[in-house]
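Q: These protein sequence lines are chains A, B, C and D, in that order. Under our numbering, the first residue of the first sequence carries the number 2, and numbering increases by one thereafter. Under our numbering, the first residue of the second sequence carries the number 21, and numbering increases by one thereafter. Under our numbering, the first residue of the third sequence carries the number 1356, and numbering increases by one thereafter. Under our numbering, the first residue of the fourth sequence carries the number -10, and numbering increases by one thereafter.
It is possible that part of the hints are untrue.
[To be verified] To list a few chain D residues with every Cβ distance to chain A over 10 angstroms, as calculated: (1) D4; (2) V18; (3) D75; (4) G83; (5) R88; (6) R89.
[Claimed, not checked] From the structure, some residues in chain B lie toward chain D, with a derived Cβ separation under 10 angstroms: (7) V40; (8) L48; (9) L68; (10) P82; (11) R83; (12) D131.
Don't read these hints as lab results, they were simulated from the structure. Yeah, the Cβ is synthetic: ideal placement off N, Cα and C, and Gly gets one too.
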Amino acid sequence: MSKLFAVALGILTAIGGFVDIGDLVTNAVVGSRFGMSLAWVVLIGVVGICIYAQMSGRVAAVSGRATFEIIRERLGPRAGLANLAASFLINLLTVTAEIGGVALALQLATSVAPGWWIPVAAFGVWIVIWRARFKLLENVTGLLGLTLIVFAVALFMLSPDWGQLAGQALQPGPPSDEPVATYWFYAVALFGAAMTPYEVFFFSSGAIEEQWTKQDLAKSRLNVLVGFPLGGLLSLAIAGCAAVVLLPQAIDVTSLSQVVLPVAEAGGKVALAFVIVGILAATFGAALETTLSSGYTLAQYFGWSWGKFRKPAKAARFHLSMIIALLIAVAILATGVDPILVTEYSVVFSAVALPLTYLPILIIANDREYMGDEVNGRAMNFVGQVYLVIILAAAIAAIPLLIVTGAGA
Amino acid sequence: MTENPDAFQTDAAPPPAGQVLDAHLHVLDRQVLDRDDVPVTTADDLELDGIEVGAPIEPGSPRPTVSAILTGPQLVMRLFGGHAPAARTIRIPWRLVSEVGTVIHLGVAGDALDATWAERWVSRHLIGRIPGGRHAPE
Amino acid sequence: MQASRRSRAASAAASAALVLAVPLLAGCASPEATFEAAVGQGVAATETARLVVDQQLDERTFTTTALATLGDARRELVAASGQVAGTDAASEAESETRTEVLDALDAALDAVNAARDAMASGVGSLEAVVPQLDAAADGLTALEQTVDADADSPADSPAGPAGSDG
Amino acid sequence: MLLSDLLDSDAVDADGRRVGAVIDVRLEVSGAPRQLLADTVVTGLLVSPHSRFSTWGYERRDEDGPLLIARFQRWLHRGTFLVAWDDVERVDEGRVVFRRGYTARDAALPRAPRER
């Protein structure tokens, strides 16, 4: 059990990246429209986030500096501010979506309209951030989020034609009834979700919350190697379930209730109970992750005091900015906007934030003044640079694809 | 490394007497921590003493020194250009600095500095008034 | 850093323009594309409802979850009807198609509402709704072929981004 | 005088010929001793002939990873040199004038001592 708790940070971080409310739905959309033909993107994304999360965790453990401090230091105030603005908007849109997502998950459990749950969910997120220790927060949400593994179990119980699924996965490319641009739009969206910047902000800041040192490098590696592949696996299992149950019925997924249909089909009420608990934990965990990330990024850019290991009064602006972020999220949701739709526009901001986040991490991971002997090896640098090129390509392609496809319609 | 050796004549720099720092590379935009490792601010700019704009520098005159870390409005100036009125800049005197590494360490408590007034104000008037704000998380 | 600052400002303006442009683009789709999208949406919602009613009859799902699912399906159908009703038909044939699509979506909406009533308040039996849902789904699926054929006819301009004319 | 006023200034020789841009200011913790840290004095200016973009120090240190970025930065700042403060004649707004016969020194930083 204590082994499991040791990797809670990695699991919670990955949940925010791979199976938060936007991704739950996106994965099912992808499965219901493209089968498994986008599985390769998830694979590339998992490797990419593993590499850069590990780098950011190593920098945090060895030098004690969290990712946004490094971004400010290497990029200077202007490019740093561009990244801050984009990252903060991604955080804010995601917080909004997750609070809506918690409300939608509660609706599945109670059939009470989500509007009633929104203030409850937002208050819940705030009170946890205000009062709960970091360790408690990550253990509970990380552990409960693991119940999402029921998607993988459900996929087995559906006893699909594995050959067909593998065939889809091994022959990348859009099905005949989908335009090529739409296929690539979802490819970029899945890659962007896998590498979304708040993962490294949260992971590196979490490493400092947990007071990792050079002695914890193995722990950091374990967190990365357990958390993100697990996230990728869940993401594929969700797509697989949708491909098996919903694709043949011509059901294009548009809502969370459709995402859980295959699980109920496979495992009945027990599986459904697990998946609802899992979704609740995942969306709540992702809400915590993105709310904290919005505080971390602001505080680290401006050099404010931050961290949950301090009393709130000793990190006042950090806590104030998170309260404001939550209030804005509730205000956005009060307009009645579809929370899942909100996350689609964060792709636009990812185009700015992705390269400006990963470049400074790669540079600092090579700086002996920060890292001493723990600088990147040649292999790590090679892969890191390859990914930087992929990130840049995805960033440049994101906006034209968003327009051409009308956000994947 | 030098592709253009004719452009100038290169001498080896004289051996340094103390720690050598490049201001932009090693100091600017780094985190400032107080005596107890509490973040104070980011080094938004440095104030240099002993440079007079437009005046010729007599050979052998004393070299300029770093007199303060500047913050607050100075960040806006660096973002958008221009000069903040001297009265509005927030200074952390350089003599309070105890160590410069990947962070800048001060030898004093942050609470006593002008640079933390906004933090203290928010703490006293907003965050500290919310129940639980003055207790460590459980 | 001056040059990069200017280009950043430009790209920020561009992305702002894009965010505004996306809904506009979606709004300018041709009537055929709108009909096709609406029918596809209707099929998905009706099939979803049928699936969840089956699950409820088999006791594989919670009533709360099933009700939420039917609520989502109903919302999709209402949205699809709204899209179609708001389209200006340019020809007799288009106006005819529009009526057909609206009728089929209405039938599906009636079926989903009946399922909700049966589930939530026991008005009527849930088993009895199944054939109604089947009929509505079949009607929409049949329309899907008609609308698709329309969109492929040579007289039409190329479909907008929402149309899949492969 | 602010550091940011000095950075990005044009570096000009005694004949008014532009020789590059000031990309950094070299400091040394070697002045009069104080309670905590000795006075930090300006010992020179770093001038890059080809670019005024802020740099990550690759041309002054022996770091060489990641390779592509290091190569690109070295190329961008090829020929960067150090001018001792004693060789500076005047500082104007956005312009620094060097004395006649100033010496362009090697810009390399001494191997940085490891903190912590």
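Q: Each hint should be assessed against the structure and marked as holding or not.
A: How the hints compare with the structure:
1. No beta-carbon of chain A comes within 10 angstroms of the beta-carbon of D:D4; the shortest separation is about 33 angstroms.
2. With a cut of 10 angstroms on Cβ distances, D:V18 stays outside the contact zone with chain A, its closest approach being about 15 angstroms.
3. Listed as outside the interface, D:D75 is consistent with that label: its C-beta sits roughly 28 angstroms from the nearest C-beta of chain A, beyond the 10 angstroms cut-off.
4. Every CB of chain A lies more than 10 angstroms from the CB of D:G83, the least distance being 18 angstroms, so the non-interface label holds.
5. The Cβ of D:R88 sits about 31 angstroms from the closest Cβ of chain A, beyond the 10 angstroms cut-off, so the non-interface label holds.
6. A cut-off of 10 angstroms between C-beta atoms confirms that D:R89 is not in contact with chain A; the least separation is 34 angstroms.
7. Hint status for B:V40 relative to chain D: holds, with the closest Cβ pair at about 5 angstroms, below 10 angstroms.
8. Hint on B:L48 holds. Least Cβ distance to chain D is approximately 7 angstroms, under the 10 angstroms limit.
9. Nearest Cβ of chain D to the Cβ of B:L68: about 5 angstroms, under the 10 angstroms cut. The hint holds.
10. Checking B:P82 against chain D by beta carbon gives a least distance of about 8 angstroms; that is within 10 angstroms, so the hint holds.
11. Hint status for B:R83 relative to chain D: holds, with the closest Cβ pair at about 5 angstroms, below 10 angstroms.
12. Proximity of B:D131 to chain D is violated relative to the hint, the smallest CB-CB distance being about 18 angstroms (cut-off 10 angstroms).
Checked against the numbered hints above, the structure violates only hint 12.
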